[in-house]
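Participant: In case you want the letters, here they are:
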Amino acid sequence: MTSLPVDWLEKDRRKLRVDASAFSDKVYEALTAACALVIPALVIAIALAVFVAAWPAFSKLGLSIITTSDWDVAGGHFGAAPALFGTLVSSAVALIIATPLAIGIAIFLSEFSPLWLRQPIGFLVDLLAAIPSVVYGLWGIFVLIPLLRTSVMPFLRDTLHLGSTPFFAGPAYGPSMLAAGIILAIMALPYISSVSREVLMAVPRSQREAALALGATRWEMIRDAVIPYAKSGIIGGIMLGLGRALGETMAVTMVIGNRAEISASLFAPGYTMASLIANEFSEATNDLHLSALMAVGAILFVITLIINALARWLVWSVSKGRLA
Amino acid sequence: MLQSTEVFREKPPRLVTPAVQVRAREPRVAPGETKPCIVTNHLTAYFGYTTAVKDVSISIAQNAVTAIIGPSGCGKSTLLRCFNRMHETVPSARVDGSVEILGSSIYGENTSPIAVRRHVGMVFQRPTPFPTMSIQANVAAGLRVDRQSHATRGATSEIVEEALQRAGLWAEVKDRLNESATALSGGQQQRLCIARALATRPRVLLLDEPTASLDPLSSQKVEELVYDLRTTVTVVIVTHNLQQAARVSDSTAFLLMGELIEFASTSEMFTAPRDPRTESYITGRFG
Amino acid sequence: MKNARRRHVVSGAMIGLTYVCAVLATLPLLLILWHLIIKGASSISLAFFTHMPRPVGEPGGGMANAIVGTLILIGIASAIGLPIGIGAGLHLAEKKTTPLAQTTRFLADVLNGLPSIVMGIFAWQILVRPIGHFSALAGGVALGAMMIPLVTRTTEEMLLVVPTSLREAALALGYPKWRTSISVVLRTALAGIVTGALVAVARIAGETAPLLFTALGNQFWSTSIGQPIAALPLQIFAYATNAYEELHRLAWAGALVLISIVLVISLAARLVTRSRFGAAVD
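Chains as they are written, first to last, in this note's numbering: chain W, 1 to 324; chain X, 325 to 611; chain S, 612 to 893.
What the hints contain is simulated information worked out from the structure, not anything from laboratory work.
Some hints here could point you the wrong way.
[Stated by the list, open to error] Quick list of in silico lysine-lysine cross-link-like pairs, DSBU-like style, CA-CA up to 35 Å:
no., chain 1, residue 1, chain 2, residue 2
1, X, LYS498, S, LYS706
2, X, LYS545, X, LYS498
3, X, LYS498, X, LYS378
4, S, LYS650, S, LYS706
5, S, LYS788, X, LYS545
6, S, LYS706, W, LYS231
7, X, LYS359, X, LYS378
8, S, LYS650, X, LYS378
9, S, LYS707, S, LYS650
10, X, LYS378, S, LYS706
11, S, LYS707, X, LYS498
12, S, LYS706, W, LYS26
13, W, LYS26, S, LYS650
14, W, LYS26, S, LYS707
[Claimed, not checked] Facing chain W, from chain S, some residues (calculated, C-beta under 8 Å):
no., residue
15, GLY672
16, ALA675
17, ILE678
18, LEU682
19, GLY698
20, LEU718
21, GLY724
22, PRO726
23, ILE728
24, PHE733
25, TRP789
26, ARG814
27, PRO844
Glycine included, each C-beta is placed from N, C-alpha and C at the ideal position.
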């Protein structure tokens, strides 16, 4: 090994252009930062696009879009209250069905399931989120609705005598708020379950062991020590599921019956904001009609934005933002 | 290879029972006897507002092994990382004072840290082979970024072989150069990292606790190769292991809370340390 | 003592209930797959992939135009979503806690939860309305906008798994920062990033709502970007809501194809991330 000249650094410094790599570093940073900036820009752009399209309807009709029920294209009245009602009710039904199931399976997977079963079952439940909405709708039309019409609805109405209550009154043809609620429940389930599972597993062992050491049964330990610790995360998961249910379009359109009326009965067909937009868009003739549809879209956008932001914030505050 | 030995000179005024056996071999290089390689002048290193290295002025000899010892958190790794400008890769890290390697200041205004790092090799505590590259590609990794010096393909495989030979790994991997580097054992991976650092023919090799995560047999192999490297490279090794420092190094520096307490030839340091704090550390009273 | 007994019984009952929940929760997936196979498998043939839809009333026919249309839409969407998503993911993984990084991360998650129909409205407003007609490009843009936050988050997650010691080793060798990020960190995480990209593709391949007023659908063979284009989910929707039995059959087949792709990609993604990072994931 010959020794390098004393000014070894001088020699290399001439060969290595200091600016070259510093410049490349700057270019790299600028490019990646620009990519990151696209996301906030996208949110703003979407908001702008939707509200610009909706503005004519808002300025002409104001809040009557969601307070009146009369959707009369020819006459220029656009009241989408039934759609708003339908969105809220179908999502509520979905949550009522999905939440206990999701939390139940989350508890099962985090506490009781044998280890070898945990991954496969977790995977199967998470897969529900990957199924395209239109496939759910297809299944809903040809499997769920006939099942409801022939078995479930008569059961609820006659066997359980719920037909006398306003919630299960009226003819039961199949396409209904109940059908939409059930499909939405299946679609929301994986979101609630996945988040709940993660926060439940993140509860430290010390919490569990302390409860058991005090003489609690396993169930009491879960109820009193584990779930309260994970509460805000679970609520965040429920809100995530809610956000999904509120915005769901295809599956709901295919099973809800698409009738613009407000009814207390779960057996009655209904409408949601998303399916309203989807159904009428291709036939929208005049600009006001289009704008009214966009206005409904804008309202949907705002509602889901708020719910999703709240959900993410809740989930983050529990698990430090490592969830997808 | 490792022998214990009698005290090999007249009893010093203050008898200190050697806590570590010093290996007798020659020639031992004492600081100040040969040309300096790394010279620092009032070097201070900060992490934000915390001072990790305080006003260290040290002159490390060329073609010798210098050990830096001290308790956890004393700043020895930080000091080491100032020698190849790795300290500044941490956000809010800062350096004051000067560091000269072979007469050239590495912190000058127009000096690129990348140029410095290409002439100073570093090996870390945990072996870090690049997992997506083969053994050959790993060793040649440092060459690829320095295209001006190593252009042809033929030269690359020769350089790879030379580096692997110097790292004592050639015989074990010469038939599987294209296999993934992660297939090697821990000790082999660490020697691979040493080969990777040596491939660019650096003048200085910095080792940050290189055997901390290795089994004793692999540690011994690494120590032997470090000892052999000193004829061609200036080696600075940070270590927690006092016996290792005694076995392998010619000079030893003792750091405590960021300050350089003592810097002497290894035999002096371990048999007759001048500072009471050094003595306490070496005899195991703390750290 | 009686109280203790009762508590144990309650505990046992609740635990049993969670088992029931487990069964009920896995049931829908199995049911749906079951029906898809029963009703759709018989219609899967080479003809399905290569033939065009026949006029109503005639047996046979396929969904070739829809399949090609979906591929084209995926191509456009990926061209938009992948570079931007990976670039943003790189930024987030490196900058971690700057205001821009935190805002972007939060907004990416929020975007991921937005109704896909809103994306369709967005693309319609900027690409269909001003131009005057529907196009594959508009559909691709809507889908691409959906891909960006998806790819960003999965890329970031995969990059964060790469140990910082690798980055340090590269820097110590004299790699410039940008080269460390690309040749070492990105390269090490590549398998996971590709997997994440595929999962995003699978997700948008099944989306219908954003295409309703952008790509619109097309009965005929068309590969032009500036014209309406058929897509598998659009076709499934159209056939499912149609009166003719024959078209229902095709809808089931199309759904089976769609879900097979989604399932294969999801399974592969699970295997890749599990094998690389052990059981720490999930």
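Participant: A separate judgement is required for each hint: does it hold in the structure or not?
Facilitator: For each hint, the structure was consulted:
no.	hint	in the structure
1	LYS498/X x LYS706/S	41 Å, violated
2	LYS545/X x LYS498/X	18 Å, holds
3	LYS498/X x LYS378/X	45 Å, violated
4	LYS650/S x LYS706/S	50 Å, violated
5	LYS788/S x LYS545/X	33 Å, holds
6	LYS706/S x LYS231/W	31 Å, holds
7	LYS359/X x LYS378/X	25 Å, holds
8	LYS650/S x LYS378/X	77 Å, violated
9	LYS707/S x LYS650/S	49 Å, violated
10	LYS378/X x LYS706/S	30 Å, holds
11	LYS707/S x LYS498/X	42 Å, violated
12	LYS706/S x LYS26/W	14 Å, holds
13	LYS26/W x LYS650/S	57 Å, violated
14	LYS26/W x LYS707/S	18 Å, holds
15	GLY672	18 Å, violated
16	ALA675	19 Å, violated
17	ILE678	15 Å, violated
18	LEU682	16 Å, violated
19	GLY698	3 Å, holds
20	LEU718	5 Å, holds
21	GLY724	4 Å, holds
22	PRO726	3 Å, holds
23	ILE728	5 Å, holds
24	PHE733	5 Å, holds
25	TRP789	4 Å, holds
26	ARG814	7 Å, holds
27	PRO844	5 Å, holds
The structure does not agree with the numbered hints 1, 3, 4, 8, 9, 11, 13, 15, 16, 17, 18 stated previously, though it agrees with the rest.
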